[in-house]
Amino acid sequence: RYNGVLDGDVTAPAGQSRLRSVHDSSINADGGFSLRRVRLVLQGDVTDNIELYLQHDFGTAVNSQSSAEPRQGFGQLRDAYVDVFLDRERSFRLRFGQSKVPLGWENLQSSSNRIPLDRSDAINSAVPGERDLGVTAYYTPPHVQRIWDRLAEDGQKLFGNYGAFGVGLYNGQGTNRVERNDSLMKVAMATWPFALDGLGPLFRGQVLELGGSAMLNRFRPEVRTGGVSAVDYREDRIGLHAILYPQPFGIQAEWVWGQGPQFDTATQRITEAPLEGGYVQLTYDLGETGIGRIRPYGRWQRYRGGWKAATNAPRLETDEIELGLEWPFMDALELTVAYARMKRREADERRLGQAEGDLIRTQLQWSY
Amino acid sequence: RYNGVLDGDVTAPAGQSRLRSVHDSSINADGGFSLRRVRLVLQGDVTDNIELYLQHDFGTAVNSQSSAEPRQGFGQLRDAYVDVFLDRERSFRLRFGQSKVPLGWENLQSSSNRIPLDRSDAINSAVPGERDLGVTAYYTPPHVQRIWDRLAEDGQKLFGNYGAFGVGLYNGQGTNRVERNDSLMKVAMATWPFALDGLGPLFRGQVLELGGSAMLNRFRPEVRTGGVSAVDYREDRIGLHAILYPQPFGIQAEWVWGQGPQFDTATQRITEAPLEGGYVQLTYDLGETGIGRIRPYGRWQRYRGGWKAATNAPRLETDEIELGLEWPFMDALELTVAYARMKRREADERRLGQAEGDLIRTQLQWSY
Amino acid sequence: RYNGVLDGDVTAPAGQSRLRSVHDSSINADGGFSLRRVRLVLQGDVTDNIELYLQHDFGTAVNSQSSAEPRQGFGQLRDAYVDVFLDRERSFRLRFGQSKVPLGWENLQSSSNRIPLDRSDAINSAVPGERDLGVTAYYTPPHVQRIWDRLAEDGQKLFGNYGAFGVGLYNGQGTNRVERNDSLMKVAMATWPFALDGLGPLFRGQVLELGGSAMLNRFRPEVRTGGVSAVDYREDRIGLHAILYPQPFGIQAEWVWGQGPQFDTATQRITEAPLEGGYVQLTYDLGETGIGRIRPYGRWQRYRGGWKAATNAPRLETDEIELGLEWPFMDALELTVAYARMKRREADERRLGQAEGDLIRTQLQWSY
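Chains as they are written, first to last, in this note's numbering: chain A, 1 to 368; chain B, 1001 to 1368; chain C, 2001 to 2368.
Some clues are possibly wrong.
A partial selection of chain C residues facing chain A, derived with a Cβ cut-off under 10 Å [said to hold, decoys possible]: (1) 2048; (2) 2075; (3) 2170; (4) 2175; (5) 2257.
None of these hints come from the bench; they were simulated from the model. Just so you know, even glycine gets a beta-carbon here, dropped at the ideal spot from N, CA and C.
Model the full structure from these sequences, guided by the hints.
In structure tokens, the structure reads:
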């Protein structure tokens, strides 16, 4: 991945926001190449009823290894779960272990399937890292599975191997973090694809997917003096999503409302404050063009609310437009090029205001 | 793994022991789910005479990553060794690299085979993490191997792929720690299964295994001011074990005597002090019950002595009774539920006295 | 790996160099066994044109985990790249990701192929860890590939799967380190094997390989006060190499000249200072002796210049003679025994002078 800043506030006096993204640490004044994800997956059916999934990532940095400098490239667990299927058709499953939290369509979709470079701030702020440790139940009616299977055969970008309905209990403190209170996070999600063929020949094969998710959690952000906060903060959210799969023109939108921990600069304390945001994305599928299946896209996103994963849960104020295209130019290689106009508040409660910038961002992705 | 504390001293004023276990960091006031072990094994015969074994674990935390908080899920090496067989029957082998130390029957037995949730404090205190870097020689006479093979076919829980006789030289500072003195740890172990068929029809098929182990080591505990102690502490131990394999009724017992580093609260210094402890475990094998092979068990353990792996080698005072049952309810899934009545001194030399508690502990284990 | 110091300055008063090596941290007063490399490789052709390579190492320590003591055995990424072949014969390839930097013949040669225990200080000082993140282009003419293939069939120790010509762009801050300036490192290398058959029957089958490499970089060393230096230091190098493959007698030599960051003890600051050094190695291939293919060798090395990977880029002053032999005594096992007479300045700018020592070093290497 290589980011070039055309023009923007990459440096700033102390107290002012610099142009940074919580999703991509290589947006900074130094630039250079970065390895975003280096993941290995181990997956297998153990019996007819049991399936294992193990994923680790070699893109993790470990801090303070020499002269307070980090070292990169350490291996860390992402997923480690076992699925127990309760029926022969595998429509109902219990998932035990560390896995993705069913909260927000975009969070469940794998990054290799997602067209834009990063997830949106608003949807991802609920579960940075997307995973937690707990127990989930998923259910997918067979005829819903058939619609998804048909879309997958068409090369559509689905949200992955999750259920139409999911409910879960998790530690709630975030991916690979130590649990810090004795309450569990409760999450529920539903998503339903409607085949629009009945609306007339114009809609033949078109699918509209609608759904929503909700979460109840108690969270303790890390604080600047070390450790986590001494008290729990309520973090409750609901979200909605709608996807018209691009055949050839598609719309995808999600929005979330709620409250959660957020640093209040007036009182210099973490408070429970409202949050709101989401995105609208338009995609056009050019189909097989002879040089690959190119998909141009545009996305607008907005977020106002806390970023709980950062120290002191700073407030984010994000407005961003991204225009790009995804080009799988060889079998296992995919190039994404995007222009982004960002207005972002840095995820640091000691810096104020929004930084602006224009970026050209490129990503080469290989998978196997 | 999920621990529920029914009633106990999970919090305490400074200077008093809290209810904690050196084996399970999720016994605390916050609770929540925990991933105990996430291990990958790579094993293979390279030639007729050489076998490789590599195991790593994704259940390792790295400290002080943000706001002095740890991050979990890092990958760390457990075993990395090569076995060189010196004869065609593979009864004699040399093992080079990082591997389990032959000291205490329970330490060699794999956790997936062990029925109770954790190893006992006394036996495990010699080699926390159970592994070290060095050279070991193992010898197993063919007729001993035949007895063990027969027991394994019966579904008995053996101690694994180790020899009837083992001697080894190791760094002696503990699993994945830097060697800190120029002396090596010397270890020897012997274990012998006696087929009791000759004692009459009552004992047909019954096997009694007897043995012992010994260790000579010089150890430098980590100290609270940083780094390791400037001087070596002698750590010498002998242990005995006896196992009557459950057909259907079994007894398993180990005991250890010795001396090692231990923090003395009177003089506020680490001294060489005596240690003693062990366990007695009763098991009943219900056999195939239709819903799985259920094995109820009870274990009593006691330990008085230092815990060298913790900072300043604090003294442990452990008395514990655990009653539970292991239920492999599906092919690759095993549930263990246990009630434990613990009296434990916290592994922190700044806290005194024993904490008491009653716990219900559950563990779901999957393997492949 | 086990190092025994026969006689030498393993300890020293503060301010004096102790006998240490930047390549082998187990050369110290404590000794003991060490695991030098525990590596796993995942490699595969994805399509006819694309090949993936992923290597991680479980010999990495993470610092300050308890009482400021490190823990060892963590998994860290070494290589993660994808090769895109631009022609059917695979003579031209583009390599994207983290991979070895084509700079110095010995740096590209894999450690399992190298006969001496460690790389030389001079050649390795350009790219400690040998890898960086970037883009490289390699080209190997088919008839050069045929010469190398013939040598490989003979069991010669080649430099590996790299091109006769390589040019690359990298972050330039070192393996698994965060990029700290916005300039890229530029590297180029050429190597050419000459078949000497034309020189007469004495030279039948003999191959002489000649080449050179060059690098332009801006580097920021880590400083003792934390973080990296605020300014860039120029680091420009050229090197030459010559290899007569041992059939049965071989010579291998490399030398490098340039300048780079180096701590100046007079002004107590990092400066741009000249560097120079290299090695000459003689090898004799005894061929199949009945007990394995034994290769005795001798190597003399010298280096005067900065070691940029260490804090404050201290000056090294290395003079070393190593005499040893490599003995692959079983199929996948190889023993290397060497005597070394070292004069080394410790890689710590606070210590002065050279330490001397005589060592017997042994290494058991297994591979699969």
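We went through each hint and held it up to the structure:
1. 2048: 9 Å, holds
2. 2075: At about 4 Å, which falls below the 10 Å cut-off, the nearest Cβ of chain A leaves the hint on residue 2075/C intact, so it holds.
3. 2170: Status holds, d = 8 Å.
4. 2175: Result: holds, 8 Å to nearest chain A Cβ.
5. 2257: 27 Å, violated
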